[in-house]
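Residue numbers (my numbering), protein chains in the order written: chain A, 21 to 298; chain B, 1391 to 1558.
The set of hints was computed from the structure by calculation and includes no laboratory data.
C-beta: ideal position from N, C-alpha, C; glycine also.
Careful, some of the hints might be misleading.
Unchecked claim - To give a feel for the contact side, a few chain A residues facing chain B, derived at Cβ under 7 angstroms:
1. Asp-84
2. Ala-86
3. Ala-91
4. Glu-169
5. Val-174
6. Arg-179
7. Tyr-180
8. Met-183
9. Arg-200
10. Ser-230
11. Gly-231
12. Arg-245
13. Gly-249
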Amino acid sequence: MTGPARRPTRQLLAPDVPDFDRRQLPPNVRDALAGLLLAMADDEFVIGFWDSEWTGIAPLLEEDVAFSSLAQDEIGHARAWYEMLAVLAGETADRLAFGREPAQYRHARLLDHPRTDWAFSIARRWLYDTADSVRLGALARSAFEPLAEVVAKVRREERYHLMHVDVWLRRLAAHAGEPRQRLERALEVLAPDALTVFTPLPGEWLLVESGVMSETNEQLAERWRAEVGGLLEELGLPALPADRPPAGGRNGHADSESFSWLWGEFTAVHRLEEGVTW
Amino acid sequence: MVSPALASRPLESAVWAALHDVHDPEIPTISVVDLGVVHRVVVDGGCVRVELLPTFVGCPAIDVMRDAVAQRLAGFADHVSVEISFAEPWTSERITPEGRAALRRSGFAPPPAGLPDDGRALPVLPLAECPYCGSRNTSLENVFGPTLCRAIYHCADCRQPFEQFKMV
Chain A
21 MTGPARRPTR
31 QLLAPDVPDF
41 DRRQLPPNVR
51 DALAGLLLAM
61 ADDEFVIGFW
71 DSEWTGIAPL
81 LEEDVAFSSL
91 AQDEIGHARA
101 WYEMLAVLAG
111 ETADRLAFGR
121 EPAQYRHARL
131 LDHPRTDWAF
141 SIARRWLYDT
151 ADSVRLGALA
161 RSAFEPLAEV
171 VAKVRREERY
181 HLMHVDVWLR
191 RLAAHAGEPR
201 QRLERALEVL
211 APDALTVFTP
221 LPGEWLLVES
231 GVMSETNEQL
241 AERWRAEVGG
251 LLEELGLPAL
261 PADRPPAGGR
271 NGHADSESFS
281 WLWGEFTAVH
291 RLEEGVTW
Chain B
1391 MVSPALASRP
1401 LESAVWAALH
1411 DVHDPEIPTI
1421 SVVDLGVVHR
1431 VVVDGGCVRV
1441 ELLPTFVGCP
1451 AIDVMRDAVA
1461 QRLAGFADHV
1471 SVEISFAEPW
1481 TSERITPEGR
1491 AALRRSGFAP
1501 PPAGLPDDGR
1511 ALPVLPLAEC
1521 PYCGSRNTSL
1531 ENVFGPTLCR
1541 AIYHCADCRQ
1551 PFEQFKMV
């Protein structure tokens, strides 16, 4: 009853288990997997909320609609990861998404920066989307079937995000003067932090050994540089940093003024009345 | 019409027939069956399980569809469950010919069909056919629209803006 044979690696769970049983996973792998899911969920959740900040005030009406749609997509992806994590952790997706303090979030530090201006948001989206795409490509081969299944679906949607941001990166780069200057400035600030998407995870070796991840984050960072660095070169934009992904790249969010502000916004309703529906 | 294989399984056949009554809340002319959202129906003794594939991961309509399916099937078996599945990705190729006609009737261009698609790079998308006048003299105004699954077009012949159900 599985789809086409696309995952030749060892299977942690029998395929075709819609609601998987967390007890089937060895506890140490389960904990490491929870860390991976939390990182991905928080990444998508936080960028989704930053994107939603453009609703109503983007430079073009079309981009109001586009960024609202991107935001809805990303928060939808986050929900899928939080729900999977909720099964692993015996939690609820809502409590995971809204019920933590800023210091407990594990998104990449790239996503702590505020929305800033249009060029900045485009630069960050390009860095994040291309990095996320490399990560999803590797997870499409995951031995953890429920993860690989959702990744297969998410990748089909992310193609529209990549196409959209590619057009905007080229458009801003092609306009000498303010658009290009703002883009260059944004990339200089953001590119070093882009590596935080590939921050090594606790117990990552267990994920690689069990086939949950097909490659380490350090290998993924290399692949990302090789795949997308060429476009920056083609456009004459600042190159991606050659550093290794930093160890603490998903911690320390309580110190970020902009993330603390965003956290206050997206948890406002939950803090007012936990469990409320509307 | 009931396939010969289904004819020998009356309950399963009745479930599929009933699912034709459940419509997409965002595009009420198309049923969940014609939209290709029903992954499978499993009948096991007194239990019926329906598995739905979301058109988009973040589609808010999927919860509405799940509730509507459960409501429509209430009383079909002792235990009816409706689950969201990602066992295979929903793609716009799953929309049936009847579904494509239903989209046109409500002013939506159906998604491009039959394009080679490896699921990675987006293929070059042909311009949509205007659902009002049938012209291909159209332009893509925005690949993002009012819902996750819709893009915005304009027809240069009948000067009508319209939406297309996106290829995904």
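Return the numbers of the hints above that this structure violates; sort them in rising order. Violated hints: 1, 3, 9, 10, 11, 12, 13; rest satisfied.
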